[in-house]
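The lines below spell out each chain.
Number of protein chains: 2
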Amino acid sequence: MIIVKTISELQTARSGLPTPVGLVPTMGFLHAGHLSLVEQARAECKSVVVSIFVNPTQFAPTEDLESYPRDIDRDLALIETAGADLVWMPTPDIMYPPDFQTWVTVDAVTQPLEGAQRLEHFRGVTTIVAKLFNGVQPSKAYFGQKDAQQAVVIQQMAHDLNFQIEIEICPIIRESDGLALSSRNSYLNSDQRQAALILSQTLMTAKSAYESGESDAEAFRQLMLKTIATEPLAKCQYVSIADHLTLNELESVDQDGLFSMAVYIGKTRLIDNYLLRNGTWQTGRRLPQGFEKS
Amino acid sequence: MIIVKTISELQTARSGLPTPVGLVPTMGFLHAGHLSLVEQARAECKSVVVSIFVNPTQFAPTEDLESYPRDIDRDLALIETAGADLVWMPTPDIMYPPDFQTWVTVDAVTQPLEGAQRLEHFRGVTTIVAKLFNGVQPSKAYFGQKDAQQAVVIQQMAHDLNFQIEIEICPIIRESDGLALSSRNSYLNSDQRQAALILSQTLMTAKSAYESGESDAEAFRQLMLKTIATEPLAKCQYVSIADHLTLNELESVDQDGLFSMAVYIGKTRLIDNYLLRNGTWQTGRRLPQGFEKS
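Residue numbers (the working numbering), protein chains in the order written: chain A, 1 to 294; chain B, 1001 to 1294.
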């Protein structure tokens, strides 16, 4: 496995890779969710590139850039085991030299949900992803459904800017009790870890209501808010039942809808979602019991 | 020569082209300046792609989008003679479908000069160029020094977004009497055509002053303004002596500087520039007398 930092090192290494190339962009501190992306890339592409970069421009000044968890040695071991060919781990000054001044922005689909709470977050995401795409020039790029709005935003950007890259959105990976894997789960103490189950439980409650015939979006939202309120350690930031492409809030739910939420557990902000597509729920995949503890 | 419109037609045609591929982006109504770009691409690349697209997003509502000159049959004949392999001429609805919402913006270097006069112009330029780059995936792309700020902006964008494309800036092509070729020269009547010589004459005057030892940027600006004022049909919009990379106005001129201006001749807005690099003037290349009449 080749490990590179600079753009020119990347170019040299990239030019020797058999195509098609699959890219898995990450911010490191990898968990089984990231590794499932690497596995899918491995299955579909001749070469797999993983990038590790904690992208400063997608963090607000009040957010957790400095404390964002990092463990590069563990990451590299996990990536090698998962069978990647090349790891690109640039430094912030490589990605953002002093005269850096170009931004990629996506308008409508970045406005609600995460975008409404995290101003400029998606500008940072789309800019760095464009840079990763251009640097690696993959045929396919793999993202997780966990960041549901990010998935929509990146697909929109790739389409709008004519990137010749297939964007693959892979299922959420959950612990055996339902908690969606996230690098930020490492912030939770054991009481909070237990309380964090409220996110997936709330989504399950909504799914059950849908299966019992509920279709009114506001009824789903009230049900979700009420469910979250049963957990004393949880503080809801938003719940949303939105169109899965435009992210506009729905009035009623027929065959499609993105059910999502952001909830604080203590100071840790967690997100989760279930996606309803053509009447079928995409809820993610649970790890076997004991496989991973967050 | 293959001619395509849609992205998927482009992909099919592009995949059959020997590499490296050179791209010459144009808005059509080609003149010898455009053709010099095609010739340079032909000399340096195995395949040459020319795009023709009058990009609506780089025109302000008050500008000449509707009346911008077009002659597609003539363009195609000229491009074929110049030896291109592929012409991409998308329609506005292909480039900007109804849900289009992604923009590429460059900050500092788009602010002065053309950017100060033509708000959002460069947002349109950088967005469409990013789309052309991603669609064609060339190794090299060719632009004219005539649009000096555009050249700086595109180089900045390509560097910032890690485009793996060499940006080649080719000399201004001038008529035998010095007028820089421009599709917009077609708007000039014969009196205006004569008056338009004031742009290149003004630059020559500045160059002479430099060669006589002048170094004060403000003295150059005053000299240029005074020279333009001698032409009754000319109305100066700006003159500039700027750093050739940052486009910040200079206080004094040593070995480098971009001397540029925008001047109205009647209702037609014309631009021109001389570039001083390492003490050497880049003034462009004059066509032989009688070679082209604008």
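Quick caveat, the hints were computed from the structure, so don't treat them as lab data. Accuracy of the hints is not assured; some may be wrong.
Think about it this way: if two alpha-carbon atoms lie no more than 30 Å apart in a straight line, the pair counts; the simulated DSBU-like pairs of lysine-lysine are [to be verified]:
| no. | chain 1 | residue 1 | chain 2 | residue 2 |
| --- | --- | --- | --- | --- |
| 1 | B | Lys1235 | B | Lys1267 |
| 2 | B | Lys1207 | B | Lys1267 |
| 3 | B | Lys1267 | A | Lys140 |
| 4 | A | Lys5 | B | Lys1235 |
- Message: Run the distance test for Lys1207(B) versus Lys1267(B): straight-line Cα separation, threshold 30 Å.
- Response: holds, 28 Å
- Measure nothing beyond the straight line between the CA atoms of Lys1235(B) and Lys1267(B); if it is 30 Å or shorter, mark the hint as holding. Status holds; Cα separation ~10 Å.
- Taken at face value, is the distance from the CA of Lys1235(B) to the CA of Lys5(A) at most 30 Å? violated, 52 Å
- Query: Between Lys1267(B) and Lys140(A), does the CA-CA distance stay at or below 30 Å?
  - Reply: violated, 49 Å
Of the numbered hints given earlier, the model fails hints 3 and 4; all others are met.
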